[in-house]
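> Since chain G is already given, all that's left is putting chain W on it; use the hints.
Taken in order, these protein sequences are the chains called G and W.
So for the first sequence, my numbering puts the first residue at 1042; every next one is plus one.
So for the second sequence, my numbering puts the first residue at 5; every next one is plus one.
Don't read these hints as lab results, they were simulated from the structure.
Keep in mind that this is a model prediction, so the values were computed, not measured.
Yeah, the Cβ is synthetic: ideal placement off N, Cα and C, and Gly gets one too.
All the pointers check out, no bait thrown in.
So the derived label-pair ranges between C-beta atoms look like this:
no., chain 1, residue 1, chain 2, residue 2, range
1, W, Leu-232, G, Glu-1175, 35 to 43 Å
2, G, Glu-1044, W, Gly-21, 45 to 53 Å
3, W, Thr-67, G, Leu-1189, 38 to 46 Å
Derived list of chain G stretches under chain W, where covered just means 3 residues or more per stretch with a C-beta under 8 Å from a C-beta of chain W:
no., stretch
4, 1116-1124
5, 1239-1251
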Amino acid sequence: MIELIQEYGPAYLYSDGAGLSGLAMTLWLFIVTMVVGFLLSLPLALARVSRTLWLRWPVEVYTFVFRGTPLYIQLLICYTGLYGLEVVRDNAMLDQFFRNALNCTLLAFVLNTCAYTVEIFAGAIRNIPHGEIEAAQAYGLHGWRLNLFVILPAALRRSLPAYSNELILMLHATSLAFTATIADILKVARDANAATFLTFQAFGIAALLYMLLSFALVGGFRLAERRWMRFLVPARG
Amino acid sequence: MNNFFQSTGLHALSLQGFGPLLLQGTWMTVKLALLSLALSLALGLLGASAKLSRLRVLRVPATLYTTLIRSVPDLVLILLIFYTLQLWLNDLTELLGWDYFEIDPFTAGVITLGFIYGAYFTENFRGAILSVPAGQLEAATAYGLNRIQRFRLVLFPQLMRFALPGLGNNWLVLLKSTALVSIIGLADLVKAAQNAGKTTNNTLYFLIIAGLVYLLITTLSNRLFKHLERRYNTGIKELAR
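If we strip away everything but chain G, and leave its shape as in the complex, we get (with noise of 0.2 Å):
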């Protein structure tokens, strides 16, 4: 046990002497997922509500199929799949955009966890009180000022416990970026394994990173919680 932390202890933590990996490689992963499927999951969301249904209907379709299908089967189709493509390879930008395993890894984590991340904050959108939105509209806002400045800020706050589910859910979901031979703790973990056959210390020591990963995105979660939702909560005495 001593002798695996201390061979493999750098590279679960930050690097395996080629690079980044293991929990450092972990967290690049679900911080850029969750910016990119955050920024991307805003405008959509308001798609998915809108009235014109051109513009919601193709939202609609996308989260469905993402969210009705395996991340491995998208992560997969990104990795191997469309490289398969001549019309990928022949074009070079999209050539060198597929090559990388880590960019096909971050697209198919972006696509599925944005899929998720719209259907919460479309729901939350559709359950805000018709007061806020018509009072808001009494004081003259309108269009891009009302999403911006009232509908959002109301849907996020609203939105919280569940969006903080499906961040721990896509935290955990970075492990499948193993299967593209990213260096992530669970490749390291694998590697470990194979090395020094301590099957149970190996895994078990990934677990134990997730796990720390875990309770402290609750914790932090609990927190913002208590800062913004605070205007739910009934008043006492």
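Structure of chain W alone, referenced to chain G:
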């Protein structure tokens, strides 16, 4: 069928003889998902009653189970349990003086997935049991029903109403998780699609077919759960929209 595709010049769109393989893979996925579901539902009900029990010896391990399992990615647990299950089993058989036996990947897959999702179903059922008004159970006790009758006639029909939305979600997550077992070497739908894709050099096409099969299963499950929800909600006024 193949002739039709050849004559129309759409040869690349036929299954090229891989139909039976894909069908086998689908059957494996469905079997795995359903058996794991059965195991995790059983574990979920047991876990929920343990978590709500008045006895500390039951409450503490159940809480530990749900907290630990739910904080670790399912893929990590699948690899951890799959690879160590056999090792532990070897130790156990040696200790008891039994014959060595090898656990096959399918059984290991069912046990692993069932054990993991049992933790999610535990939380699901716990919430549902707590949502049933306490007066209902008190009334059942007052009518002289014993524990089993109380569960079967009063608690279960009512907790299902609260549990169903979560059950549906968890079932879909479980179903999609079965795609991960191809990583530990089980010949499920994903594996079949990958094999067909490698042989024909048309990976994308077969992966999309596999995706469509999952989409079909998830859509059908959604229908079924809508139906069940309506059934367990009979007699309850729907909120006006």
